[in-house]
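So the sequence lines, in the order shown, correspond to chains A and B. Number 85 in the working numbering belongs to position 85 of the first sequence; there are no gaps in the numbering. The working numbering runs 146 ahead of the 1-based position in the second sequence.
None of these hints come from the bench; they were simulated from the model. Warning: the hint list may mix true and false statements.
Derived DSSO-like pairs (lysine-lysine); straight-line CA-CA distance at most 30 Å [to be verified]:
(1) A:122 / B:229
(2) A:80 / B:229
(3) B:229 / A:120
(4) A:137 / B:229
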Amino acid sequence: MKLKNEMSLTFESRSSNEGFARSAVASFISQLDPTIGEITDIKTAVSEAVTNCIVHAYKESVGQIYINVKVYEGAVVVIKIKDKGCGIHDVKQAMEPLFTTGGEERAGLGFAVMQSFTDKVKVISKEGKGTTVTLEKRLMSRIKDV
Amino acid sequence: MDVKIITDHGEMTAKLYGEIDHHRAREMREMIDSAAERNKPSILYLDFGGVTFMDSSGIGLIMGRYRTMNLLGGEVRVLNIPKSMERMVELSGLSALNLFAKGSEKNEVKK
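Just chain A, with the same shape it has in the complex (with noise of 0.2 Å):
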């Protein structure tokens, strides 16, 4: 796949950063012309991925978060959220559906949303370390070259 265009950036994991991140996305992926509901997909999917990192990866800390888009020929889009938190002590578990350490309000369903308005999530954690969740979704665009 060729790269058509790409960015990178780095915030606090205080929550009321939540909506700036998946805003951002929204944004720069706009230049491909989504439709609202890819649009929609998208910044859901992000603000899942960026609320895990702030409730889970740094529970009882502020780290950096880090994300990057790439946009790629044929309007594929793969987004990167990366931690240096705590890490995932058990991957297949916490994508399971209703699994959740987050506490009452928490739904437990971040990874099943990822999953859902996306096409593809891919999550690789080591405990102490970090995790990273990639996502990628092609886009019916109504923009042939970016």
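Keeping the supplied structure of chain A fixed, place chain B upon it in accordance with the hints.
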């Protein structure tokens, strides 16, 4: 304001506005719960008609209020979930709890 609370004949409506994520759900939860504990409504309506975006924190907000109202001996009804958020509700399995009503059903219930 993100939440508008309306009380009427022992029932309470919380109208939610804007985007619901983990950050904003916390403030909404505090406002709704403190008003519910004060008013002890028989039914709490959560009105999503003014919500422009929600991630799974919106589902957590509904689940949490379901528990709150159980403790207070009342019920929860969810109104006006926007079309774009229906997939989220389906994923959650919450539809099995029968909390979801169309906006117009509320008036029928109240009359």
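Sort out whether residue 229 of chain B lies within 30 Å of residue 80 of chain A, counting only the CA atoms.
Holds, at about 28 Å.
Tell me if the straight-line CA distance from residue 137 of chain A to residue 229 of chain B falls inside 30 Å.
Given pair residue 137 of chain A, residue 229 of chain B holds - Cα atoms ~21 Å apart, limit 30 Å.
Against the 30 Å threshold, does the CA-CA distance of residue 122 of chain A and residue 229 of chain B hold or violate the hint?
Given that 30 Å is the threshold and the Cα spacing comes to 28 Å, the pair holds.
Would the hint linking residue 229 of chain B and residue 120 of chain A be met if the CA-CA limit is 30 Å?
Holds, at roughly 24 Å.
The structure is consistent with each of the numbered hints, conforming to all of them.
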